[in-house]
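Student: Build out the structure end to end from the sequences listed, making use of the hints.
Sequential numbering from 1 applies to the sequence shown in our numbering.
Calculated from the structure, these hints are not laboratory results. Mixed in with the good hints, there may be bad ones.
[What the hints assert, rightly or not] Quick list of simulated restraints, FRET-style, between CB atoms: (1) L37 to R7: 30 to 40 Å; (2) E18 to G43: 24 to 34 Å; (3) R27 to R3: 28 to 38 Å; (4) E16 to L41: 16 to 26 Å; (5) I9 to R34: 15 to 25 Å; (6) K2 to L24: 11 to 21 Å; (7) V38 to D15: 11 to 21 Å; (8) L37 to E16: 14 to 24 Å; (9) W26 to N4: 11 to 21 Å; (10) L40 to I5: 10 to 20 Å; (11) I5 to S44: 26 to 36 Å; (12) D33 to Y11: 17 to 27 Å.
[Claimed, not checked] List time: in silico EDC-like cross-link candidates among lysine to aspartate or glutamate, alpha-carbon distance up to 20 Å: (13) K2 to D15; (14) K2 to E18; (15) K20 to E31; (16) K20 to E6; (17) K2 to D25; (18) K35 to D17; (19) K2 to E16.
Owing to the predicted nature of the structure, the values given are computational and were not obtained by experimental measurement. Glycine included, each C-beta is placed from N, C-alpha and C at the ideal position.
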Amino acid sequence: MKRNIERYIRYGYLDEDENKQLYLDWRTRAEIDRKALVNLLLGSETQNSEVEETAETN
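Tutor: Laid out in structure tokens, this is it:
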């Protein structure tokens, strides 16, 4: 995973600050529809929560 993150940083998709916090960098902002990305991430988060809740009840 670290290798992939380093590659995304090198290509300009991600940036990392001194606290190891990751940020979207210039290439992501230029090439990716941010609204669609947020919806995708929120949908994934909702889906993961539903799976966890189902697992807890079983």
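Student: Look at each hint and say if it fits the structure.
Tutor: Now the hints, each set against the structure:
A beta carbon spacing of about 19 Å between L37 and R7 contradicts the range 30 to 40 Å that was offered as a hint. Separated by about 32 Å at the C-beta atoms, E18 and G43 satisfy the suggested range of 24 to 34 Å. In this structure the supplied range 28 to 38 Å is violated for R27 paired with R3, their Cβ-Cβ distance being about 18 Å. The given range of 16 to 26 Å is respected by E16 and L41, whose C-beta atoms sit roughly 19 Å from each other.
Checked against the hint of 15 to 25 Å, the C-beta distance between I9 and R34 comes to roughly 19 Å, which is consistent with it. Checked against the hint of 11 to 21 Å, the C-beta distance between K2 and L24 comes to roughly 18 Å, which is consistent with it. In this structure, V38 and D15 meet the distance hint of 11 to 21 Å, their C-beta atoms being roughly 18 Å apart. Separation of L37 from E16 is about 18 Å and conforms to the stated range, judged on CB atoms against 14 to 24 Å.
For W26 paired with N4, a C-beta distance near 19 Å keeps the hint of 11 to 21 Å intact. The hinted window of 10 to 20 Å between L40 and I5 holds, with their beta carbons roughly 19 Å apart. For I5 and S44, the Cβ-Cβ distance of about 18 Å falls outside the hinted range of 26 to 36 Å, so the restraint is violated. The hinted window of 17 to 27 Å between D33 and Y11 holds, with their beta carbons roughly 18 Å apart.
For the suggested pair K2 and D15, the alpha carbons sit about 13 Å apart, so the restraint of at most 20 Å is met. Taking the CA atoms of K2 and E18, the gap is about 16 Å. The hint holds against a cut of 20 Å. In summary, the hint linking K20 to E31 is not supported, as the alpha carbons are separated by about 24 Å, beyond the 20 Å threshold. Of the pairs offered as hints, the one joining K20 and E6 holds, with about 12 Å between alpha carbons and a cut-off of 20 Å not exceeded.
Our distance criterion of 20 Å between C-alpha atoms is met by K2 and D25, whose separation comes to about 17 Å. A threshold of 20 Å between alpha carbons decides the hint, and for K35 with D17 the separation of about 24 Å lies outside it, so the pair is violated. Between K2 and E16, the direct Cα distance comes to roughly 12 Å. Compliance with the 20 Å bound is thereby established for this hinted pair.
In summary, the numbered hints that this structure violates are 1, 3, 11, 15, 18.
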